[in-house]
Amino acid sequence: MNPNDNEHDSDDLAQRLRELPAERIPPAAVWQRIAAELQHPRQPQPVVITPSMLRPATHRPPRRWPWFAGAAAAAVLALVGSAALWQPQERAPPVSPLQAQAKALTRDYGLAIAAIPQDSVPAELLPALQELDASAGDIRRAIEISPQAGFLLGQLQRTYALRLELTRQGLGGAGLST
Numbered sequence: 151m152n153p154n155d156n157e158h159d160s161d162d163l164a165q166r167l168r169e170l171p172a173e174r175i176p177p178a179a180v181w182q183r184i185a186a187e188l189q190h191p192r193q194p195q196p197v198v199i200t201p202s203m204l205r206p207a208t209h210r211p212p213r214r215w216p217w218f219a220g221a222a223a224a225a226v227l228a229l230v231g232s233a234a235l236w237q238p239q240e241r242a243p244p245v246s247p248l249q250a251q252a253k254a255l256t257r258d259y260g261l262a263i264a265a266i267p268q269d270s271v272p273a274e275l276l277p278a279l280q281e282l283d284a285s286a287g288d289i290r291r292a293i294e295i296s297p298q299a300g301f302l303l304g305q306l307q308r309t310y311a312l313r314l315e316l317t318r319q320g321l322g323g324a325g326l327s328t
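Counting from 1, position 96 in the sequence shown corresponds to residue 246 in this note's numbering; the numbering is continuous, with no gaps.
Keep in mind that the hints were calculated from the coordinates and are not lab data. Warning: the hint list may mix true and false statements.
What follows is a list of derived Cβ distance ranges for each label pair [to be verified]:
#1 Val180 x Arg291: 37 to 47 Å
#2 Ala254 x Gly322: 24 to 34 Å
#3 Ala222 x Glu294: 30 to 40 Å
#4 Ala254 x Glu173: 31 to 41 Å
#5 Phe301 x Glu281: 14 to 24 Å
#6 Gly260 x Glu173: 48 to 58 Å
#7 Ile263 x Ile295: 52 to 62 Å
Once the Cα atoms are required to be at most 20 Å apart in a straight line, the calculated EDC-like pairs of lysine to aspartate or glutamate come out as [said to hold, decoys possible]:
#8 Lys253 x Asp283
#9 Lys253 x Glu294
#10 Lys253 x Asp288
None of these values were measured; they are calculated from a predicted model. All residues carry an ideal CB built from backbone N, CA and C; glycine is no exception.
Sequences are here, hints too, so could you generate the full structure?
Structure follows, in structure tokens:
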């Protein structure tokens, strides 16, 4: 290959690049779809967690040592027999960082709501406040079931914030300070 061939190729490429349009304008139909989407944005679809999503996939490799299963069964029986004689202390299940954050958030919310006189909340707000409390309970249970679903913590935060704001607005309308 001649070194001059490479230069000729790069000049040809540079010439073709210069001939390309500086910008591309999308067809009018694209702009119409964008305008329609801005006028009527799509609602996010709720995520439904099913029990099958929570179970890890299992895969069993073929047994290579059949005698190993018998030895393992004997060891398990020995452990179970000795465990029956020994009474272990109950331990709480391990808590994920998300669960710990949710518990701290719930504790802070409880302190904030306790500082507000609940008996002065207008009666017409009570059903909405009860619905928000029920939603917060559902979200906390979902966090217990799926401790890696980080979006649930944001949902819990928004629910608590909405509950506090609605309570404050109700008290503000009643002439009470929060």
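Cross-check of the supplied hints:
1. Between Val180 and Arg291 the Cβ separation comes to about 44 Å, which falls inside the hinted range of 37 to 47 Å.
2. Distance hint for Ala254 and Gly322: a CB-CB separation of about 28 Å, consistent with the stated range 24 to 34 Å.
3. As the Cβ distance of Ala222 to Glu294 is approximately 32 Å, the hint placing it in 30 to 40 Å holds.
4. A beta carbon spacing of about 51 Å between Ala254 and Glu173 contradicts the range 31 to 41 Å that was offered as a hint.
5. The supplied range of 14 to 24 Å is met by Phe301 and Glu281, whose beta-carbon atoms lie about 21 Å from each other.
6. About 57 Å separates the C-beta atoms of Gly260 and Glu173, a value consistent with the hinted range of 48 to 58 Å.
7. Range check, Ile263 to Ile295: Cβ separation about 25 Å, and the 52 to 62 Å hint is violated.
8. Annotation: proposed proximity of Lys253 to Asp283 holds, straight-line Cα distance about 15 Å (limit 20 Å).
9. For the hint linking Lys253 to Glu294, the alpha-carbon distance of about 11 Å falls within 20 Å, and the restraint holds.
10. The suggested pairing of Lys253 with Asp288 holds, with an alpha-carbon distance near 14 Å, which does not exceed 20 Å.
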